[in-house]
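Chemist: Residue numbers (my numbering), protein chains in the order written: chain A, 1 to 386; chain B, 1 to 386.
Hints listed in this document are in silico derivations from the structure and should not be mistaken for laboratory results. Treat the hints with care, as some may be off.
It does not matter which identical chain is used: a pair holds within one copy or between any two.
[What the hints assert, rightly or not] Pairs of lysine to any residue, SDA-like flavour, derived with a Cα cap of 20 Å:
| no. | residue 1 | residue 2 |
| --- | --- | --- |
| 1 | Lys120 | Gln90 |
| 2 | Lys65 | His122 |
| 3 | Lys31 | Pro133 |
| 4 | Lys332 | Pro159 |
| 5 | Lys332 | Asp53 |
| 6 | Lys308 | Pro135 |
| 7 | Lys308 | Pro214 |
| 8 | Lys308 | Asn217 |
| 9 | Lys31 | Leu8 |
| 10 | Lys10 | Asp175 |
| 11 | Lys10 | Ser169 |
| 12 | Lys324 | Asn117 |
| 13 | Lys31 | Thr131 |
| 14 | Lys335 | Arg32 |
| 15 | Lys10 | Pro136 |
| 16 | Lys31 | Arg170 |
| 17 | Lys10 | Leu33 |
| 18 | Lys31 | Leu129 |
| 19 | Lys10 | Lys31 |
| 20 | Lys31 | Gly367 |
| 21 | Lys10 | Gly21 |
| 22 | Lys162 | Asp319 |
| 23 | Lys301 | Gln229 |
| 24 | Lys31 | Ser169 |
| 25 | Lys10 | Glu241 |
| 26 | Lys317 | Gly347 |
There are 2 protein chains.
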Amino acid sequence: MNPSDDALLKFELPEIIYGWGSLSQIGQCAKRLGGERVFLVTDPGIIAAGWVDESLKYLEKEDLKYVIYDNVVTNPRCYQVDQGVRFYYQKECDVIVAVGGGSPMDTAKGIAILVSNHGKIHDYAGCNLITQPIPPLICVPTTAGTGADVSQFAIISDPRKKIKMTILSRAIMADISLIDPRLLQTKSQELMAATGIDALTHAIEAYVSSLAWPLTNPHAIHAIELVFQHLRNAVRTGNIEALEGMSVASLEAGIAFSNAILGAVHALAHPLGAIYDMHHGLANAILLPVVVRKNLEHATKKFAEIAKAMGLDTRGKSDEESAKLVPEMIQKLIKDLEIPTTLSQVGVKADDIPTLARDAQQDLCMGTNPYQYDAEEIESIYYEAL
Amino acid sequence: MNPSDDALLKFELPEIIYGWGSLSQIGQCAKRLGGERVFLVTDPGIIAAGWVDESLKYLEKEDLKYVIYDNVVTNPRCYQVDQGVRFYYQKECDVIVAVGGGSPMDTAKGIAILVSNHGKIHDYAGCNLITQPIPPLICVPTTAGTGADVSQFAIISDPRKKIKMTILSRAIMADISLIDPRLLQTKSQELMAATGIDALTHAIEAYVSSLAWPLTNPHAIHAIELVFQHLRNAVRTGNIEALEGMSVASLEAGIAFSNAILGAVHALAHPLGAIYDMHHGLANAILLPVVVRKNLEHATKKFAEIAKAMGLDTRGKSDEESAKLVPEMIQKLIKDLEIPTTLSQVGVKADDIPTLARDAQQDLCMGTNPYQYDAEEIESIYYEAL
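Using the sequences plus the hints, can you model the full thing?
Modeler: Dropping the structure here:
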């Protein structure tokens, strides 16, 4: 992302530990990273589901002290990060463990940034602005979608300014991503559907990104395959095979987008989160087919490959013909998952579109979209999705 | 690899920086890891090719001091590791940079182990026996094959005992793998061919390994595709596209095998290196088609996928029919590359086969082969390859 690094491609991941029941490793992982007092970031839903109690058992087994910080909401806020930082200092913690979806993980990253870099979280919005290494960080995802457990991203909202800040830095990659697909068992069907589409969006945007390369592509394509094989079943039946499939899909999509970055869907989704506090997966689901249709002509060959990964028989079809099937396949999946399909259904007002478009155009994720839309074009995408 | 971790799958990589001309980053990388005095491990061939002089220029630009250690040969020896360690202490170095193929990289890893863990390199042969973190390590591969730049493996020979010791530990993974396909331009055709088949062997063995999983498989399959697309051209014409293709093939094969481990080809190749000092890529090339033919029935479905990755049209064929084409495709490639095809051509004697087989059966890499061959079966594989 640094102009002088134009010719260089990069690929970096946390240590990944994956397996049914792997949550039991959480204490050993924290200890191995030198931790004695764990700052555990989570949310009330995860606590109610019982995963925090189970985690504490494993921390106690390793004689680790801990405090729990659960003041976390969807689209996590800058003041929650500040509160977490005070709490972290007060309790003299030395390792951060996030157990939850994207919101607890992003909150944990925000806290980690300020604990060692000080100042306001706003100071770090943008690319590579973090100078001091963060405390050891372990992420345990409980949703299959966000990818925050493997990514170099954190998104924090300032509700007063109505902005979502994108923080992108190698410095905020977790040390360990501990992935236990068992934790998906307590997700609601709505959340499974929305986060599943988030994973699909990550994979598609990473695959057509201008920074995609041979190390990110196989993961992006495989994630798309897995979403189309498993998401419907994961939502409807929650069977083990489907949960494991979606767990790996989310992981591979995360690996792909963390290293290839994203595109216009995310650029347009972030202002919806900032202004309407809309769930990120839902915003993506509504925007994805519309943006993909616009992007088709700018990455036709890649979308033809995506069609194949979605399970379509593309033999005898031209790339154009195959690519055109992609938005239809996405729409069909979203319809089957019973996710809202228009922005007006979820309360977006036409009057806000110019503001949304202005923020979207400036979003960091727009830079790697296969085509750079101007403000007018972005407005027309929002209108089409309305 | 730990019995208590049976249900857990792991995936870990160095930070990867890839690009034509990326060698220029070597000084910045060493500095970023906290280095002031670089211990540069290489071999006389790499020095003659000019890559060390170029590297020193970049180290000097960052005001780094350096010493060069180039007493490295094919199948690097334990006494060379010991000598390197003395030299490292003497010069008070604080970061290790390997510029070269598998031999300089494995020597560098051996030195790194003893610098911080002390004792003899023999003490660390086996799985996870390293307890102290090694000094910062940067690998710059100059051959497209070994994968040592991304792997958790190092292979060191004891020529007196005629053994090749396999050291497997997360602790010896490099911090940064800096991959500049430009460095392949000075490779001989023979070395390009042999190391290319080494990469192919890594990819095939990782794909059929009992530890293969969704995170290693896409890289293994893509590496096989790339070898069949680019190796012939890389050897014959050395054109940029082919060199880049083989560079990525080697990288992805390395990622796959470092995390899924290897199989019988490597188990049988290691004793050939130990007893005959045979080049590792050459030993693999001779053994690969024979071992694959034996393995076919134990991983038929996977070999059918490999056939597809090799570019075969497998439509309308059963898995058995597709799988059977794999050894033929390998033999054809090896013939086109004009690599020796029998062990007797390179001086192996039938009398040594019982000794070779005994050592191969005990090799760490045998444990993840899809089938566990007994000593008699291993002897018959050597005879078949003779």
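Chemist: Now, for every hint given, state plainly whether the structure supports it.
Modeler: Taking the hints in turn, this is what the structure says about them:
no. : hint               : result
1   : Lys120 with Gln90  : within (18 Å within a copy, 46 Å between copies)
2   : Lys65 with His122  : neither (31 Å within a copy, 39 Å between copies)
3   : Lys31 with Pro133  : both (19 Å within a copy, 16 Å between copies)
4   : Lys332 with Pro159 : neither (34 Å within a copy, 64 Å between copies)
5   : Lys332 with Asp53  : neither (39 Å within a copy, 59 Å between copies)
6   : Lys308 with Pro135 : neither (42 Å within a copy, 45 Å between copies)
7   : Lys308 with Pro214 : both (18 Å within a copy, 18 Å between copies)
8   : Lys308 with Asn217 : both (14 Å within a copy, 18 Å between copies)
9   : Lys31 with Leu8    : between (35 Å within a copy, 18 Å between copies)
10  : Lys10 with Asp175  : both (17 Å within a copy, 13 Å between copies)
11  : Lys10 with Ser169  : within (12 Å within a copy, 24 Å between copies)
12  : Lys324 with Asn117 : neither (47 Å within a copy, 59 Å between copies)
13  : Lys31 with Thr131  : between (25 Å within a copy, 15 Å between copies)
14  : Lys335 with Arg32  : neither (45 Å within a copy, 49 Å between copies)
15  : Lys10 with Pro136  : between (22 Å within a copy, 19 Å between copies)
16  : Lys31 with Arg170  : between (23 Å within a copy, 17 Å between copies)
17  : Lys10 with Leu33   : between (25 Å within a copy, 17 Å between copies)
18  : Lys31 with Leu129  : between (29 Å within a copy, 19 Å between copies)
19  : Lys10 with Lys31   : between (29 Å within a copy, 18 Å between copies)
20  : Lys31 with Gly367  : neither (39 Å within a copy, 30 Å between copies)
21  : Lys10 with Gly21   : between (32 Å within a copy, 14 Å between copies)
22  : Lys162 with Asp319 : neither (41 Å within a copy, 56 Å between copies)
23  : Lys301 with Gln229 : between (22 Å within a copy, 19 Å between copies)
24  : Lys31 with Ser169  : between (25 Å within a copy, 19 Å between copies)
25  : Lys10 with Glu241  : between (32 Å within a copy, 19 Å between copies)
26  : Lys317 with Gly347 : neither (40 Å within a copy, 53 Å between copies)
Hint violations for this structure: numbers 2, 4, 5, 6, 12, 14, 20, 22, 26, all remaining hints satisfied.
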